[in-house]
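Protein chains: 2
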Amino acid sequence: MNGFDRFKELQKKQKAYQLVLGIASWDSNTEAPKACFPYRSEMLSLISGEYYALSTSEEYQEIVNALHQDPEDLSEIQKKEIRKAKKDIDKILPIPREDYVEYSRLVNLSQREWEEAKAKDDYDHFKPYLEKIIGFRKKMAHQRDPDAHPYNVFLDDFEEGMDMEKYDGFFRIVKEEIAPFAKEVLAVKDEKPPEFMVATYPRDKQKQFVEYLMDVLAFDKNRGLLKESVHPFTWNTHSKDVRFTVRYLENYLFSSVFAAIHELGHALYEQQVDEMFDMTNLKSGASMGMHESQSRFYENVVGRSLPFWEAHLPKLKKLFPRQLKGVDAEEFFRAANRVDETFIRVEADELTYPLHILIRYEIERMIFEGQIDVDDLPAIWNKKMKQYLNLDVEKPSQGILQDVHWSTGMFGYFPTYALGSAYAAQIYYTIKEELDFERLVREDDIAEINRFLKEKVHCYGKSKTPEEILVALTGEPFNPQYYARYLKEKYRDIYLK
Amino acid sequence: MNGFDRFKELQKKQKAYQLVLGIASWDSNTEAPKACFPYRSEMLSLISGEYYALSTSEEYQEIVNALHQDPEDLSEIQKKEIRKAKKDIDKILPIPREDYVEYSRLVNLSQREWEEAKAKDDYDHFKPYLEKIIGFRKKMAHQRDPDAHPYNVFLDDFEEGMDMEKYDGFFRIVKEEIAPFAKEVLAVKDEKPPEFMVATYPRDKQKQFVEYLMDVLAFDKNRGLLKESVHPFTWNTHSKDVRFTVRYLENYLFSSVFAAIHELGHALYEQQVDEMFDMTNLKSGASMGMHESQSRFYENVVGRSLPFWEAHLPKLKKLFPRQLKGVDAEEFFRAANRVDETFIRVEADELTYPLHILIRYEIERMIFEGQIDVDDLPAIWNKKMKQYLNLDVEKPSQGILQDVHWSTGMFGYFPTYALGSAYAAQIYYTIKEELDFERLVREDDIAEINRFLKEKVHCYGKSKTPEEILVALTGEPFNPQYYARYLKEKYRDIYLK
Numbered sequence: 217m218n219g220f221d222r223f224k225e226l227q228k229k230q231k232a233y234q235l236v237l238g239i240a241s242w243d244s245n246t247e248a249p250k251a252c253f254p255y256r257s258e259m260l261s262l263i264s265g266e267y268y269a270l271s272t273s274e275e276y277q278e279i280v281n282a283l284h285q286d287p288e289d290l291s292e293i294q295k296k297e298i299r300k301a302k303k304d305i306d307k308i309l310p311i312p313r314e315d316y317v318e319y320s321r322l323v324n325l326s327q328r329e330w331e332e333a334k335a336k337d338d339y340d341h342f343k344p345y346l347e348k349i350i351g352f353r354k355k356m357a358h359q360r361d362p363d364a365h366p367y368n369v370f371l372d373d374f375e376e377g378m379d380m381e382k383y384d385g386f387f388r389i390v391k392e393e394i395a396p397f398a399k400e401v402l403a404v405k406d407e408k409p410p411e412f413m414v415a416t417y418p419r420d421k422q423k424q425f426v427e428y429l430m431d432v433l434a435f436d437k438n439r440g441l442l443k444e445s446v447h448p449f450t451w452n453t454h455s456k457d458v459r460f461t462v463r464y465l466e467n468y469l470f471s472s473v474f475a476a477i478h479e480l481g482h483a484l485y486e487q488q489v490d491e492m493f494d495m496t497n498l499k500s501g502a503s504m505g506m507h508e509s510q511s512r513f514y515e516n517v518v519g520r521s522l523p524f525w526e527a528h529l530p531k532l533k534k535l536f537p538r539q540l541k542g543v544d545a546e547e548f549f550r551a552a553n554r555v556d557e558t559f560i561r562v563e564a565d566e567l568t569y570p571l572h573i574l575i576r577y578e579i580e581r582m583i584f585e586g587q588i589d590v591d592d593l594p595a596i597w598n599k600k601m602k603q604y605l606n607l608d609v610e611k612p613s614q615g616i617l618q619d620v621h622w623s624t625g626m627f628g629y630f631p632t633y634a635l636g637s638a639y640a641a642q643i644y645y646t647i648k649e650e651l652d653f654e655r656l657v658r659e660d661d662i663a664e665i666n667r668f669l670k671e672k673v674h675c676y677g678k679s680k681t682p683e684e685i686l687v688a689l690t691g692e693p694f695n696p697q698y699y700a701r702y703l704k705e706k707y708r709d710i711y712l713k
Numbered sequence: 217m218n219g220f221d222r223f224k225e226l227q228k229k230q231k232a233y234q235l236v237l238g239i240a241s242w243d244s245n246t247e248a249p250k251a252c253f254p255y256r257s258e259m260l261s262l263i264s265g266e267y268y269a270l271s272t273s274e275e276y277q278e279i280v281n282a283l284h285q286d287p288e289d290l291s292e293i294q295k296k297e298i299r300k301a302k303k304d305i306d307k308i309l310p311i312p313r314e315d316y317v318e319y320s321r322l323v324n325l326s327q328r329e330w331e332e333a334k335a336k337d338d339y340d341h342f343k344p345y346l347e348k349i350i351g352f353r354k355k356m357a358h359q360r361d362p363d364a365h366p367y368n369v370f371l372d373d374f375e376e377g378m379d380m381e382k383y384d385g386f387f388r389i390v391k392e393e394i395a396p397f398a399k400e401v402l403a404v405k406d407e408k409p410p411e412f413m414v415a416t417y418p419r420d421k422q423k424q425f426v427e428y429l430m431d432v433l434a435f436d437k438n439r440g441l442l443k444e445s446v447h448p449f450t451w452n453t454h455s456k457d458v459r460f461t462v463r464y465l466e467n468y469l470f471s472s473v474f475a476a477i478h479e480l481g482h483a484l485y486e487q488q489v490d491e492m493f494d495m496t497n498l499k500s501g502a503s504m505g506m507h508e509s510q511s512r513f514y515e516n517v518v519g520r521s522l523p524f525w526e527a528h529l530p531k532l533k534k535l536f537p538r539q540l541k542g543v544d545a546e547e548f549f550r551a552a553n554r555v556d557e558t559f560i561r562v563e564a565d566e567l568t569y570p571l572h573i574l575i576r577y578e579i580e581r582m583i584f585e586g587q588i589d590v591d592d593l594p595a596i597w598n599k600k601m602k603q604y605l606n607l608d609v610e611k612p613s614q615g616i617l618q619d620v621h622w623s624t625g626m627f628g629y630f631p632t633y634a635l636g637s638a639y640a641a642q643i644y645y646t647i648k649e650e651l652d653f654e655r656l657v658r659e660d661d662i663a664e665i666n667r668f669l670k671e672k673v674h675c676y677g678k679s680k681t682p683e684e685i686l687v688a689l690t691g692e693p694f695n696p697q698y699y700a701r702y703l704k705e706k707y708r709d710i711y712l713k
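Protein chains in written order, with my numbering: chain A, 217 to 713; chain B, 217 to 713.
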């Protein structure tokens with residue numbers, strides 16, 4: 217057996233472990249009964265241990281290193297598989313096993329403590345854990361690359377190729393162009409939501425509408441499914457098993473509808489990755505940011521557009537004739553794009569959303585610059601909320617404690633959320649040139665848009681970088697100016713005409 | 217580390233593999249999308265291979281053998297764990313690995329071919345596969361124990377301690393007492409089902425009633441859940457994760473109601489196994505027959521009783537006032553115990569059910585006696601159907617091809633179905649003495665019956681044999697006379713008074 221065949225064999229075994237761990241996690245997050253978790257956690261940690269051992273075994277390392285040094289006989293795709301494998305190994309190996317174990321224990325514990333702190337609105341309760349996690353992350357960054365800026369190590373983990381310099385450029389646009397523009401729009405916002413936005417919409421019919429949306433967006437039901445969970449998410453093991461979840465709030469129809477379209481964006485991406493990558497480490501979307509670009513594109517560009525509701529409001533009105541009586545597509549479209557200052561990121565509208573991310577990026581940057589004491593974090597957070605969103609944070613649960621990410625050590629993740637929206641805008645301007653976008657949406661032919669995105673983005677999986685995809689598709693590397701332009705055009709049209 | 221501790225460590229790892237394979241199989245059987253199976257099967261076979269390797273590793277064998285030979289320092293429970301482990305090893309080891317692999321491939325294939333043969337009503341299509349499977353089973357029985365009768369090897373696999381001699385005694389009662397009695401009852405059966413039995417009952421309300429039944433039978437929803445699937449089944453990984461499924465037929469309410477109570481019987485058993493066995497090979501019910509005794513007890517003895525419907529028909533009528541208008545508990549009870557000649561085992565009533573099993577037992581016995589050619593199987597089947605149920609089989613799908621079991625090599629399984637009903641009858645006569653059974657059912661206090669069965673049957677898991685459980689509970693070993701007596705008393709009362 218030659219080296220690459222043996223590499224594939226070892227990879228396949230790793231994939232098998234990923235599959236069973238993935239199915240278990242899907243089960244845990246959607247239906248597993250409460251009482252099963254102590255037993256399950258203990259057992260799954262054994263399987264995770266086996267997986268860890270496989271993916272760091274000496275034989276595997278040797279093969280990957282050998283193929284990495286001498287890739288002549290490999291095809292282009294095979295070279296990319298080896299490159300990815302090498303990078304994954306280099307990420308884990310420098311961390312001593314005992315640090316790895318202690319860190320896993322710490323983040324498991326911290327997540328529970330964060331939950332408690334948030335429930336009690338008590339930052340001090342969470343503070344010691346946050347401090348330890350930050351300490352650990354700094355140490356791990358140093359172990360992995362003593363010469364790199366620690367924040368850059370993690371920014372690259374979540375979005376290959378990104379670093380502080382690039383993000384600084386991006387967030388400058390957010391701060392200097394989008395923030396002032398948002399202020400203009402917020403000055404003339406609709407003070408109250410229209411009545412149909414806060415009416416009661418029974419769960420079962422909301423579900424029917426989401427099932428209808430699955431067809432509208434051409435989700436392949438043979439290769440996936442819809443389920444319910446507390447926090448909506450998309451899950452997949454390969455291109456033929458892609459699932460997503462929704463939560464139905466009876467007094468907030470807009471939440472489930474747009475969360476569904478958002479997750480459908482993620483799901484379509486995964487269903488359209490070429491099946492040749494199913495058994496490789498190049499399956500699944502190119503990066504966090506590129507993934508988010510697709511979910512945001514379907515949610516905001518397609519789903520929150522006037523033509524979309526010209527096409528689909530009639531169906532929604534059939535399901536909810538009383539609640540939507542007299543409402544037209546124009547009104548519904550405006551409600552779907554209502555802007556407002558909010559404390560909570562996940563409830564923010566499309567326009568103010570990047571400001572929430574800006575706050576987090578600036579704070580994370582300070583943390584890894586070492587300029588900051590965890591004691592001061594809440595005050596810093598609150599000051600930035602005042603600066604960018606003119607809100608006075610009154611309790612940590614609506615400020616510093618609102619997100620789970622830091623409690624699980626995920627520093628460097630937040631920026632990809634805003635980046636995704638910005639990618640989406642850049643892609644949108646190309647699509648408008650290449651396709652008759654508004655007509656396709658209005659005439660319920662989103663499958664045509666899917667086909668375009670499949671060919672240009674989805675089919676490649678991880679075999680192209682976000683940058684390669686953007687350049688090939690839009691003719692230029694990432695350019696955040698499109699994002700500012702898109703938001704200004706859209707919201708000027710709705711609010712400032 | 218001493219030998220037993222190391223044994224527990226190796227066992228625990230095996231349990232971890234069982235858990236992830238179990239969760240994957242639950243997912244496959246309840247919701248996994250169609251297209252995912254080729255990838256999934258390939259990946260899961262790798263994980264199964266790992267599990268096989270663990271459970272047959274030399275280290276594991278050595279430890280088990282050593283502890284088996286020198287068990288002095290072990291507690292009684294530990295001795296039983298070792299005994300069970302030894303038996304499991306002895307079951308696998310004599311089969312050469314290449315036979316094991318080829319056999320697995322054959323039964324996977326045969327199951328699909330059986331499905332096709334059944335759909336096409338073409339026995340000849342299935343015949344060559346059946347012949348190969350029988351050949352393989354005979355060979356494997358010989359490999360495992362050249363001195364034993366091959367059928368006895370498999371009878372013991374499915375019900376430890378049972379053999380042809382014991383089953384012959386049991387089925388003699390079925391043939392000589394139950395069969396003639398059934399004939400008497402069938403002679404005066406109700407020719408047509410009452411109208412409410414075949415009315416339409418919307419799915420959602422059927423589901424509400426099954427959820428109500430979960431509370432009636434005191435199923436712990438924190439430690440399990442209800443879901444839907446094509447074939448109802450119960451699934452569990454340990455006492456704190458026990459799930460069951462139901463299928464709702466809108467034009468046959470009785471099917472989902474009694475299937476639900478049946479599965480709830482299995483599920484209650486599993487929830488009531490002592491948690492001390494969760495991490496051991498003694499978890500889960502004592503045997504197939506003992507398990508079936510509990511499902512049949514709850515389904516037939518509790519669920520198809522008059523007091524049960526005196527207590528719960530009002531709830532059902534609230535859900536279906538139109539369909540059940542004017543129906544009283546007495547009529548409902550009679551309908552729930554309607555007898556009829558049927559071709560299909562799974563549709564049979566409680567009284568004729570053992571005749572279906574008798575036919576299968578007699579045929580399996582002949583197969584392993586070597587007295588039979590697969591060419592003749594359909595004719596033999598049909599003759600027996602005529603003899604015991606006075607029915608003329610017109611096509612193999614309503615005769616020899618109806619069940620999946622043989623296509624998967626499960627010879628020796630069927631008898632446990634009838635055995636379970638017989639255990640249930642024997643247990644019932646003790647319960648009637650020890651508890652005020654009818655009052656508890658009528659007054660909706662089934663939890664009291666659960667507590668009794670927990671203490672006498674469920675809590676032990678596999679740490680006692682069926683025989684030990686029966687003797688301790690009823691004062692005597694298995695005695696099939698109780699079964700005949702139970703059926704005669706019940707059906708005489710309904711039909712022959």
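If you're looking for bench data, these hints aren't it; they were derived computationally from the structure.
Glycine included, C-beta positions come from ideal geometry on N, C-alpha and C.
Each hint should be verified, as a subset may be incorrect.
[Unchecked claim] The calculated label-pair distances, taken between Cβ atoms and stated as ranges, are:
1) 651/A to 250/B: 26 to 36 angstroms
2) 306/B to 428/A: 50 to 60 angstroms
3) 418/B to 416/A: 19 to 29 angstroms
[What the hints assert, rightly or not] Facing chain B, from chain A, some residues (calculated, C-beta under 10 angstroms):
4) 237
5) 244
6) 305
7) 457
8) 520
9) 521
10) 587
11) 590
12) 591
Checked hints:
no. : hint                               : verdict
1   : 651/A to 250/B: 26 to 36 angstroms : holds, 31 angstroms
2   : 306/B to 428/A: 50 to 60 angstroms : holds, 57 angstroms
3   : 418/B to 416/A: 19 to 29 angstroms : holds, 23 angstroms
4   : 237                                : holds, 7 angstroms
5   : 244                                : holds, 9 angstroms
6   : 305                                : violated, 21 angstroms
7   : 457                                : holds, 4 angstroms
8   : 520                                : violated, 29 angstroms
9   : 521                                : violated, 29 angstroms
10  : 587                                : violated, 45 angstroms
11  : 590                                : violated, 37 angstroms
12  : 591                                : violated, 40 angstroms
Going down the numbered hints, you'll see the structure goes against 6, 8, 9, 10, 11, 12, while the others check out.
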